[in-house]
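Single-letter residue listing:
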Amino acid sequence: MTSLDIAPFANALVLGLSIASIWLIAAIGLTIIYGTVGVINMAHGEFIMLGAYTSYALQSSLGLPFLLCLPASFAVVALVGLVIERGLIRYLYNRPLDTLLATWGVSLVLMQGVRLIFGSDPKYIAVPEIFQSNVEIGFASLSVFRLVVLAITALIVAATAWLFYRTRFGMQVRAVMQNKEMAASFGINADRVYMTTFAIGAGLAGVAGSLFGVLAIVLPTMGTAYVVQAFLVVVVGGGTLMGSVAAAGLTGELQSVFAFVTNDTFARFLLYVLIVVFLRFRPRGLFAVAKGRR
Amino acid sequence: MTTRNLYHSKPAQWAVYGLFFVIIALIPAFVSDGFLLNQFAVYGIYGMLALSISLCWGFGGILNLGQGIAFGLAAYGMAMTMQMQSQDPDSNPIPPFMLNNSLEHLPWFWQPFWSTGGGILLALVVPTLFYVVFGTLMFRARVSGPFFAIMSLAMLSAFATLILDMQPYTNGANGISPPSPLSIFGTDIDPYGPTAYWIVCGGLIAVTVGAKLLTQSKFGLVIQALRGDPERVRFLGYNVALYETCIYAISGFIAALAGCLWVMLIQYVSPAQLDTTFSIGMVIWAGIGGRLSLLGAILGAFLIQGGQSYLGDQFLATWLLVLGAFFIVVVRFLPKGLAGLLEKVLGALARQPGKHARSDLPHAISGAPAAGE
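Chains as they are written, first to last, in numbering that gives the first Met the number 0: chain A, 0 to 293; chain B, 0 to 372.
Simulated from the structure, these hints should not be mistaken for lab results. Be a bit skeptical, because a hint or two may be false.
To be verified - Computed, partial: chain A to chain B, Cβ under 10 Å:
no., residue
1, A174
2, A182
3, S184
4, F185
5, G186
6, N188
7, V226
8, D263
As the list claims (entries may be wrong) - Coverage of chain B stretches by chain A, computed from C-beta distances (three or more under 8 Å per stretch; other residues unrestricted):
no., segment
9, 153 to 162
10, 171 to 185
11, 304 to 310
12, 328 to 336
C-beta: ideal position from N, C-alpha, C; glycine also.
Taking the hints into account, I'd like the entire structure generated from these sequences.
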């Protein structure tokens with residue numbers, strides 16, 4: 000095989016890595032929330048959307064540089080998540096299907112609220128010039144911004160892993176994940192753990208949104224495209240951090256390879272069918288959380 | 000049961016249902032405007048959809064966010080049938096949009112739709128079959144409620160993109176609009192006439208009666224049991240996956256029927272019928288009306304869709320905001336919807352006269368309704 004044949008395929012593989020990083024960063028907040036609290040948050044897409052709008056608003060009103068918008072989005076959306084958790088989610092923990100529906104209601108409210116405040120026209124987030132060029136890596140060519148997304152995703156995964164496996168708070172979270180009542184009887188404030196984890200998960204969605212607002216345009220409906228994909232990563236991964244990383248990597252690469260062979264939409268259809276079949280044989284996902292029957 | 004709550008008495012329920020049937024059957028006697036009749040018939044379709052969700056979710060405990068799969072696929076099947084009715088094998092064998100997309104021959108999967116009966120049969124059977132296969136895969140693997148809901152949403156999204164993408168075969172985003180109304184046994188069925196309305200009305204009544212009888216049968220009891228605790232039902236020896244697949248497929252069949260009737264009324268189908276918002280909307284209708292009540296779900300659909308049409312155009316953005324907020328309130332405080340509210344009110348009235356109500360323990364504690372509603 001000549002290098003001319005390999006090049007587009009290698010490009011597809013590298014693009015797959017970028018797609019995987021996008022799926023992962025969209026899903027990481029959801030993984031944390033689902034893995035710990037067991038809540039299926041249908042408003043996750045809207046958290047992403049809020050992050051994008053926060054960045055847009057900060058940029059257009061305060062002129063904040065893009066890289067500072069990221070932590071700002073984290074803070075703002077985490078706050079929103081906190082309010083929602085205290086106001087609504089907290090009362091629905093033992094009703095998973097109802098949480099799914101209630102958060103769908105929240106997503107409607109958030110989407111329409113943003114539409115009323117900002118209007119339905121697309122907004123754009125400005126990034127430094129250097130991010131807009133392409134870079135060559137061997138055979139493959141990738142936009143610099145996608146590399147930035149990759150880097151930030153890796154950073155966030157590392158930070159989250161550190162938080163969950165190296166800090167005291169992380170240990171509390173893992174205890175609560177495995178058995179809430181037992182953890183509480185050891186003196187861990189499970190309520191507060193849930194609240195904080197939800198807020199962190201929301202904040203991470205906000206960061207993802209800020210990044211996505213650059214990759215795609217900022218619209219009130221932008222979140223809905225990411226919800227299903229983020230959920231699939233969580234479902235295939237099983238709810239753990241490692242699972243989501245593996246699932247995102249696998250699905251991202253598969254999507255890219257399928258798209259290389261057929262086309263984008265048929266690739267997605269094929270991927271979804273594959274996931275359904277996979278779940279038939281491994282319903283708990285790749286790396287499921289070890290815990291008792293909820 | 001020693002409860003005297005009128006809500007749970009079977010004769011009272013059937014009386015109310017009967018009244019409802021009579022009212023909707025008599026509508027054409029009072030409404031002569033064809034457009035309005037068509038509108039009401041469409042509400043009837045939404046009622047059917049809400050009923051199918053109520054059957055699957057309220058009674059079976061299976062949250063299905065992708066009901067649009069059955070609805071949309073059946074709608075496409077019906078549209079294809081109606082389209083082929085206006086084609087002629089010799090002079091005009093290929094639909095115009097295919098010619099626009101440079102197709103020379105009719106694709107193989109369009110061929111069966113030359114026959115009206117065959118086309119309608121396919122439109123009903125194929126989605127139901129998909130539900131059987133998908134359900135079997137998911138329920139055999141004991142995929143839990145929320146995961147199943149997400150997977151159904153994913154499959155819906157996958158089908159929507161597939162149909163959108165296969166532009167030459169399905170006309171993509173433009174959808175299929177058959178040029179003439181459905182023709183059965185040689186007669187055209189005018190979508191704006193009472194005949195079409197009564198067909199839909201008859202369908203709604205038949206499906207409601209069938210569903211109600213189903214929930215009151217032994218099958219219905221098992222379904223409600225596995226909604227409460229599938230593990231326990233499994234230990235009792237029932238093949239839970241089989242029952243779940245059954246109710247899921249029945250619900251899908253009803254949605255497919257709704258899809259066929261819808262195209263008969265609207266003469267149009269597009270990938271928008273496989274939109275996630277629309278499918279989740281069905282769940283909202285059933286949720287607000289009362290998922291444990293078949294009639295409640297139907298009325299919920301009427302209420303919300305009617306409200307949307309009435310308030311829709313000026314206030315669409317705020318309407319959705321209000322709907323979302325209302326839905327949050329209902330899920331949080333009224334999990335059994337407005338029908339559940341009625342149940343509580345009637346229950347309170349039943350206790351008022353001060354007669355010694357022997358403790359209706361099972362209701363008070365578990366909050367589950369008596370069998371049969």
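Evaluated hints:
1. A174: Interface hint status for A174(A): violated (23 Å vs cutoff 10 Å).
2. A182: Hint violated; A182(A) Cβ to chain B Cβ min 22 Å, cut 10 Å.
3. S184: violated (25 Å)
4. F185: Where the cut-off is 10 Å and the nearest Cβ of chain B is about 28 Å from F185(A), the hint is violated.
5. G186: violated (30 Å)
6. N188: With a minimum Cβ separation of about 24 Å from chain B (threshold 10 Å), the hint on N188(A) is violated.
7. V226: holds (8 Å)
8. D263: Status holds, d = 8 Å.
9. 153 to 162: That given contact holds, which follows from 7 residues of the segment 153 to 162 of chain B lying within Cβ reach (below 8 Å) of chain A.
10. 171 to 185: violated (count 0)
11. 304 to 310: violated (count 0)
12. 328 to 336: holds (count 3)
In summary, the structure is inconsistent with hints 1, 2, 3, 4, 5, 6, 10 and 11 from the numbered list given earlier, while agreeing with the others.
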